[in-house]
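With these hints in hand, go ahead and build the complete structure from the sequences.
What follows is the residue order along each chain.
Protein chains: 2
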Amino acid sequence: MPYQAPIRDLAFCLDHVVGADQLAATERFAEATAETRSAILDEAGKLASGVLAPINRNGDLHPAKLENGVVRTSPGFADAYRQIAEGGWVGIAADPEHGGMGLPLTLATAMGEMFASANLALSLCPLLSQGQIEALEAHASPEMQALYLPKLTSGEWTGTMNLTEPQAGSDVGAATTKAERNDDGSYAITGQKIYISWGDHDVAENVCHLVLARLPDAPAGTRGLSLFLVPKYIPDADGNPGEANALRVVSLEHKMGIHGSPTAVMSYEGAKGWVVGPEGGGIACMFTMMNNARLGVGVEGLGIAEAAYQKALEYAVDRVQGRTADGSKTIIGHADVRRMLMRMKALTEVARAICLDTALSLDMAKAAPKADAKAWFARGAFLTPIAKAFGTDAGMEVAELGIQVHGGMGFIEETGAAQFYRDVRVTAIYEGTNGVQAADLVGRKLADGGTAADGLLREIRDVAHAAAGDLAEMGGQLAVGADALEAATQWMLAAEPNDRNAGSVDYLRAWALALGGSYLLKGAAAATGADADRRTALARYFFGREFPALDALCEAAMDGAAPLYALSAEELAS
Amino acid sequence: MPYQAPIRDLAFCLDHVVGADQLAATERFAEATAETRSAILDEAGKLASGVLAPINRNGDLHPAKLENGVVRTSPGFADAYRQIAEGGWVGIAADPEHGGMGLPLTLATAMGEMFASANLALSLCPLLSQGQIEALEAHASPEMQALYLPKLTSGEWTGTMNLTEPQAGSDVGAATTKAERNDDGSYAITGQKIYISWGDHDVAENVCHLVLARLPDAPAGTRGLSLFLVPKYIPDADGNPGEANALRVVSLEHKMGIHGSPTAVMSYEGAKGWVVGPEGGGIACMFTMMNNARLGVGVEGLGIAEAAYQKALEYAVDRVQGRTADGSKTIIGHADVRRMLMRMKALTEVARAICLDTALSLDMAKAAPKADAKAWFARGAFLTPIAKAFGTDAGMEVAELGIQVHGGMGFIEETGAAQFYRDVRVTAIYEGTNGVQAADLVGRKLADGGTAADGLLREIRDVAHAAAGDLAEMGGQLAVGADALEAATQWMLAAEPNDRNAGSVDYLRAWALALGGSYLLKGAAAATGADADRRTALARYFFGREFPALDALCEAAMDGAAPLYALSAEELAS
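Sequences listed follow chains A and B, in order. Quick note: the first sequence uses UniProt numbering, first residue 1, plus one each step. Quick note: the second sequence uses UniProt numbering, first residue 1, plus one each step.
Check before you lean on any hint, since a few could be wrong.
To be verified - Short derived list, chain A residues pointing at chain B, Cβ under 7 Å:
| id | residue |
| --- | --- |
| 1 | 102 |
| 2 | 256 |
| 3 | 332 |
| 4 | 407 |
| 5 | 411 |
| 6 | 418 |
| 7 | 498 |
| 8 | 534 |
| 9 | 541 |
| 10 | 545 |
| 11 | 548 |
| 12 | 559 |
| 13 | 566 |
| 14 | 571 |
| 15 | 572 |
What the hints assert, rightly or not - Sample of chain B residues lacking proximity to chain A, with all beta carbon distances greater than 12 Å (derived):
| id | residue |
| --- | --- |
| 16 | 33 |
| 17 | 141 |
| 18 | 185 |
| 19 | 280 |
| 20 | 461 |
| 21 | 561 |
Calculated directly from the structure, the hints in this document are not laboratory data. On a predicted model such as this, the values are computed, not experimentally measured, just so you know. Ideal Cβ placement from N, Cα and C applies to all residues, glycine included.
Structure follows, in structure tokens:
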């Protein structure tokens, strides 16, 4: 059975866990009613399972390749991309003024999960365009918007992000790509950028690169960077692709996964670009779309988790092997197979709730009354690194278990479980490694003195205290966990920066567990009938098997930096 | 810098952690003095780093392939195998009567780690021969031994294990391959076997298959299986490869990793075989070598952990990126990079100690006075599933972190970090999945009423109580951890089988943590001078960051089966 869009789980999470009705209650997203949400989930789900999933393995087996300077994408990708574009999905959250649907990021996130489940490599292409659309909506001049946004929103053109250079990865401020002012108001861009996803392809007629570069008189570091829009083909007077720009694909990377996504080394050789936002404002422009882009990558991890879970479950239901404890004919009757499936399911549901809740916060930051908007934004900003890091970690862990459920078959490529494992690995790396996310959480996101953290802890405690009946014991566990997390938060707020960094990854994971327990409990409380039993059972699994790790994570998080620096590099090597 | 054999860490672990001098004090292994051990480590290390490691990527890039029914191995593999054979390494632990070195399994294990680090795919070939040698030494008739063991021990011929069939994986008793009695005392073997590592190749002149098959009058299940030796070429009167047997390679699997190891689907079409041990005694014969084979796979995981750690450390020392907290010019100054490296180092050292300690126990079971031998064997048998599952889990986790340390480069195949990640994944699956190992631990290995577990807990407590000075606090933690593990053990002993299975994986991991803390503390106490500081620092990291998980693991282990079965297959799917 191929991938089935998890419409029911998505709708439940939207309706009852993160509370998407709050969106429909705003003027901006008044259209995002339960009915609209349902229609969007259905249609996006059909595209994902019917069009994108069937060609997922094409991407793996027939990677995008560079031939005579032109990138040829995997069989079927161009047609599938066309269907994404024609369905209006690239512009799902884009401004209606330029042809977008104007729907909330929350729905774009649900769509993104399904697309990533079905075909991670291909889904990156519209995801990158969405990031570019967002940046241009926020920072481009009206003329630039008028020229580019309709084409990007319709999917006729696609977008890329060009940040990384060989010497400038996490340290983006080390970028040396040059921008020189031309007489006509444009700039000449010269330099090399690496890891450019969908840097070139044959699925659309133009590729628009957002490139971070440095003006001759700019200071060193991030403050000296400006953002430029550099199209592959320079639009002519009618806004159609015209003259070829002075840029080229040097090579495509040979990667462990997402073979269907062409990852280019790009060379800009005096290419014509136009500044987006003010000169020197490149990093600020990037930051605008950073939360969404990072959330988007967390959603990629979530998507793979869901897909890997479905595949493993199907195998477990089909595969006959050994005498099972519950009399099942197939391996789903074995306790450890069930443990793996329950873990996969729980991690996936938690990742989904965190991602959708993050999106909802970022939407509400735009749509809520001004008095509330700032708090919503801070909430979303706090959740973002958790969504990115936990979403992708969950993706890796679930894909890993997915292989294990398959036994020997999991290691054979034909099965498809291995592709999930290979594909998802990159999501913990790009758009800021998960370590960078954790540093962001304990750095920037606690820089408000803990206000955003306190707000979330309060929400978690509200769920804990509301838990009654069958859920009361879990509510008690959650409340105790919230105390441990609060203590760790207080420790973080008082600690030196590097002590915070030393514990940041464990601290982030502790947040994911606390939030996860809270979401699952909230869902169990909100569900009715058989669904209530089902959601209670999942929460019960989580509190019995996963949540207990929270204490140890908090303890490790507060261990400080000194033990990590006790060995010199030479001592580590000996 | 290519792989460097970790001679110093291996020697330290042998000398001071697992106490290899106990071997030299026996008559059987009197030769295994510190001097011999050192010479063996040096020579095997040279072969690993100088010959095997340089062609590791050849295996990945140029997988073994099937051409006109013949398997061609990767470039350089045949020559490297020849050097392994000519060095006598295949027979390192084999009986000197047939040309072996007669050294303890403990040294074979140290050698195995280095070979696996250097070239996992190739290292499987001699490892499989070693398993076959062991089986034939224990169960074959003197005539069969005389005919086959010299050739296998010298490496002129290689061995394979043929257990799995499409419908018979973990449930080996479901095998249907037939054996029919011929008039000349041989048997005609007919059936298909899958996942046969090194099932055919061009690195040696003959391939000897150990095949589990069923006689026509045999009962169903494992008790009806017999073990047969089925050579590719039937030895002639002079013991040289003669007539081709009626067997063939149907196909090679397309795997995620260990591309250099040909994984064959084998077809036996009335092939001539000779029974090993009594008819119907196949499983008993397999069990003889099960501990060693499983330990061997744990060591494969350990080997990849060490290699992945070295590669990541080298990158961290070289890669310039961002301003570091300690003023280092490269990323090794970042707290989270250090966290990853410390974790990799600690997991690797713990896996090494568990594997070597397991090997030592199995050696002592053969070499110790009869009064002690049984307890040694039970100790080794208890440790074996922990060595297999933790060794391979550690391998996967370290390889995963190895990619993360590399950032974007980790996802690019040329770097080599990805190959470790892909290669090691199979080790958690074959030779009994890690779930099967955990079931073995809480099933068969606790079937003695907890005697072996108690003995190990006593050892752990002895280490805890001996910890003084700087180590005292860690000793206290270890003692508390031993109490938690004892409580979980008591729970397991009283629980229903499926409740035990439900918690088995977490219980096994808790053992690995307790043993790990004990080994690291013992090492820190035994070390002197600067080495004492270094080992204390590593132990300190482990007790601060890894050991705290033990409580939660024990709690999860005692959660019982019911929560895992609370959802039906249909509910899991919805």
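Hint-by-hint comparison with the structure:
1. A cut of 7 Å between beta carbons decides the hint on residue 102/A: the least distance to chain B is about 32 Å, and the hint is violated.
2. The interface hint given for residue 256/A is met, as the beta carbon of that residue sits about 4 Å from the closest beta carbon of chain B, less than 7 Å.
3. The beta carbon of residue 332/A comes within 5 Å of a beta carbon in chain B, closer than 7 Å, and the hint placing it at the interface holds.
4. Because the beta carbon of residue 407/A sits about 6 Å from the nearest beta carbon in chain B, less than 7 Å, this interface hint is met.
5. Contact between residue 411/A and chain B, as hinted, is supported at the beta carbon level, the nearest pair being about 5 Å apart and thus within 7 Å.
6. Of the supplied interface hints, the one on residue 418/A holds, with its beta-carbon coming within about 4 Å of a beta-carbon of chain B, less than 7 Å.
7. Against a cut-off of 7 Å between C-beta atoms, the interface hint on residue 498/A holds, since the closest Cβ of chain B lies about 4 Å away.
8. A least Cβ separation of about 5 Å between residue 534/A and chain B falls short of the 7 Å threshold, and the interface hint therefore holds.
9. Annotation: residue 541/A was flagged as interfacial toward chain B, and the flag holds, the nearest CB pair being 5 Å apart, inside 7 Å.
10. With its C-beta approaching chain B no nearer than about 5 Å, residue 545/A sits inside the 7 Å limit, and its interface hint holds.
11. With a cut of 7 Å, the hint placing residue 548/A at the interface with chain B holds, because the nearest CB-to-CB distance is about 4 Å.
12. With a cut of 7 Å, the hint placing residue 559/A at the interface with chain B holds, because the nearest CB-to-CB distance is about 4 Å.
13. Of the supplied interface hints, the one on residue 566/A holds, with its beta-carbon coming within about 4 Å of a beta-carbon of chain B, less than 7 Å.
14. Taken as an interface hint, residue 571/A checks out: its beta carbon lies about 5 Å from the nearest beta carbon of chain B, inside 7 Å.
15. Interface hint status for residue 572/A: upheld, as the beta-carbon distance to the closest one in chain B is roughly 6 Å, under 7 Å.
16. Residue placement check: residue 33/B keeps its beta carbon more than 12 Å from all beta carbons of chain A (closest about 24 Å).
17. No beta-carbon of chain A is positioned within 12 Å of the beta-carbon of residue 141/B; the least distance is around 32 Å.
18. The beta carbon of residue 185/B is kept farther than 12 Å from every beta carbon of chain A, the shortest such distance being approximately 34 Å.
19. Residue placement check: residue 280/B keeps its beta carbon more than 12 Å from all beta carbons of chain A (closest about 21 Å).
20. Separation of residue 461/B from chain A is adequate, the least Cβ-Cβ distance of about 21 Å exceeding the 12 Å criterion.
21. The claim that residue 561/B lies off the interface is violated: its Cβ sits roughly 5 Å from the closest Cβ of chain A, which falls inside the 12 Å cut-off.
Comparing the model with each earlier hint shows violations of hints 1 and 21; every other hint is respected.
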